[in-house]
Amino acid sequence: MSLTSALTIAQQSLQTTSKQTSVLSRNIADASNTDYARRTAVVVSSAPGARSVEIQRAANALLFRQNLSAQSAWSGQSTLYSGIDRLAVAVNGVDNASSASTAIGKLQNALQLYAATPSNQNLGSNVIDAAKQVVRALNDGTNAIQDFRTQADGEISTAVDDLNALLSQFQDANKAVISATRSGTDASDALDQRDALLKKIADYVPVSTFTRGDNDMVITTKDGTTLFETIPRSVSFTPSPGYTAGTPGNTIYIDNVPVSAGSGGNTSADGKLAGLITLRDGVAATMQSQLDEVARGLITAFAETAPSQPDKTGLFTWSGGPAIPAAGTLIDGLAGSISVNAAMDPSVGGNPGLLRDGGANGAAYVANTAGNASYSQLLIAYGDKLDKPMPFDAAAGITVTSSVSDYAANAIGWFEGQRQQASTNADAKEALAARTAEALSNDTGVNVDQEMSLLLDLEHTYQASARMMKTVDDMLSALLDAVG
Amino acid sequence: MKATSVSSSSLSNAARYQQMRMQAELVKATKESTTGTVADVGLALGARTSQAVTFSRDLDRLNVIIDSNSLVTARLSSTQDALGQLSDTAQNLLTALTAAGNSSSTITQQAGKAAVQQMTSILNASVNGEYLFAGTNTDVKPIDDFTAAGSPAKAAFDASFTSYFGFNQNAPQAANITAAQMDGFITSNVVPQFMGAGWQANWSNATDQQIVSRISLGETTQTSVSANEDGIRKLAMAAAMVTGLLSGNLSQEAKTTVVGRAQSMVGEALGGIGQLQAETGLAEKRVSDASDRMKTQVDLFERHILDLEGVDPAEAATRVADLTQHIETSFALTARLQQMSLLNYLT
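In order, the protein sequence lines correspond to chains P and Y.
Residue numbers for the first sequence follow our numbering, beginning at 1 and rising by one.
Residue numbers for the second sequence follow our numbering, beginning at 1001 and rising by one.
None of these hints come from the bench; they were simulated from the model.
Just so it is clear, CB atoms sit at the ideal spot from N, CA and C, and this is done for glycine as well.
Zero decoy hints are in this set.
Footprint (simulated), chain Y over chain P, 3 or more residues, beta carbon under 8 Å:
hint, region
1, 31–37
2, 369–379
3, 397–410
4, 445–454
In silico lysine to aspartate or glutamate, EDC-like type, Cα no more than 20 Å apart, as pairs:
hint, chain 1, residue 1, chain 2, residue 2
5, P, Lys-385, Y, Asp-1058
6, P, Lys-222, P, Asp-255
7, Y, Lys-1031, P, Asp-95
8, Y, Lys-1028, P, Glu-430
9, Y, Lys-1031, P, Asp-85
10, P, Lys-388, Y, Glu-1219
11, P, Lys-385, Y, Glu-1219
12, P, Lys-385, Y, Asp-1060
13, Y, Lys-1028, Y, Glu-1315
14, P, Lys-388, Y, Asp-1060
15, P, Lys-388, Y, Asp-1058
Some chain Y residues near chain P, calculated using beta-carbon distances under 10 Å:
hint, residue
16, Ser-1009
17, Tyr-1017
18, Arg-1061
Here chain P stands alone, though its shape is the one from the complex (with noise of 0.2 Å):
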């Protein structure tokens, strides 16, 4: 031993603390970056006297999953639930105040007014303004049903996109891994650039994911299906430019295999894909199917009829009227074309008498022959039949028989009911990702108080090696002095 290998063991470990703080610096500048794990330089004995610094990057494969999993399953879900929201207040409006269940109790109470004084013509004016609000809650509510649709099929063409812009990058990233690794030079920055991609992937389909040799990644979503595998398999999803009742909406397509919709309030649908198909084919569509049973409902209750004669619609109509819509059968966006008969409207120079005394649909069909002033038989019996129970279809989801009045208020029950599961989970399933995320920020990010009381350490390190020199070198010159 000599004063020069104390001397070159001095400057060793200068370097050390200096690649050591420069670690630490960093980690202190990414403190708030979430996708940051945070790095230790550790030093490392190679051979019999030489030490060199080694940068492990801290990483929790199970919390970070787990992470993956609760973000998916929130975004499906809350995808979902603010969709149902939007949906709420479009179709119902707020409080239901534009629903079709509150225009049908107006009608039933002008109903009555009119019934108690049919002599009055202007109650009868009254009834029909009380139908047209009714064909209006009906047609609005279609019309914001299928824009709904449309606009959803946007977003998820929208979402297609990013989610193929998404798995290029990750292409980058996997392979700025592989090359790191391969090469054995740091790979820190590469991975957590890879992960953030995937806690992003995350947000539009569940992943599952494995490591191969050299840190490949392979990620497929969670029933299987390959989404990336040294390269992008392409998700493909043809957006429609309109829709209409009844229409299905087009299939996305992941590696050629479609993407299924979830079920339920508490949706099983993770991802805002899986939400976003949810809301299109499911929520959406059922909704219109029982606007369009309501409708039929009410052409039903108002048919006209007469003895040897087949039964015709009377206060509200349809697109196939006169004739009325066969029973118990779905038929695909009657709430868009029901609207008032034009017999009986005086906007259009109907005549809004027709309703008390029958005869829109010609002179077999009057029912107040004498043409009495305050005949009420037949309003009265119009009230009677939308308290009347008929079969519905079932394929709408509800009660399969009910009065028109009551399917009306369970097509209320059945939404909410959707969505009161939609916002319950969506709470659930976000305090769930943000325990996650918490957990996995505990566990794999940067403490800064830490880290300074590292960078103390170091200090002290640093001043002792420097110390170290300054004395080997006082020594030296002592003895150069004297030998001088």
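Given chain P's structure and the hints, the job is docking chain Y onto it.
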């Protein structure tokens, strides 16, 4: 290296998520404590929202039916009133007829005429623009005025006299009509004019069909009286006979027959009108019972709706206070946490 650790970012974000939740909750609680009902019925009730919707719709309907029942009640009580007046008219006529033996036939005839006029004006009364006794034909005056000039009823009455006897009431031959002849005339010609098809042809525009009203969610009933009821026809017949036959040149014998027949007819009419009054009273009772029942239902429904949608205002207010306090604490803690850093001690 460390058993449990906490990262700086989760330390500074720790309270953020909770704060967000609490603030959302605070908005809800504030709304609930001011309105007394849940902030979002749909979210609070879920699938049971249909109950709330049905309840409030039925509540509206009940209120509308209670309102329309007050119209029906007004019609029925006017009808009852009018029937009472008819009964008085009949009673007066009966008094005049009873006294007919002691007074001149002109006085009796005047009494008959007054009865016809009173009856016509009572039966032609209208409420709310609807003729009370018109059945369902409420926009047409139900009864023809027998005493007015050009009355078809009077013309038909006179024509039947002329065709039966071959001369009119004022002809000198009328003095020869015997009691039996007069009786025959009344039975075969006068009675069909009132109790048969002649009534609808000459006297009445009312329909036999009466106004039907819905008086509760599932109950309908007849809520008017038609001028075609037997009691009214009989009163009209008695009054018309007295008016139309006592004025002329008839023999005392024939006049006595007329008065006798009229007397018994008014007696029957009184019975008939009494019956109508009872029926109307029953209908009034049904309507008022239905209204009372519905008012009870309204109370019940309001309570149900309150049970479903209401919140305890005291609880909501406490929640607001609690949340405000929590949020303030959380703010204070966040500020303290931000200050807490090793950096402050490294100089």
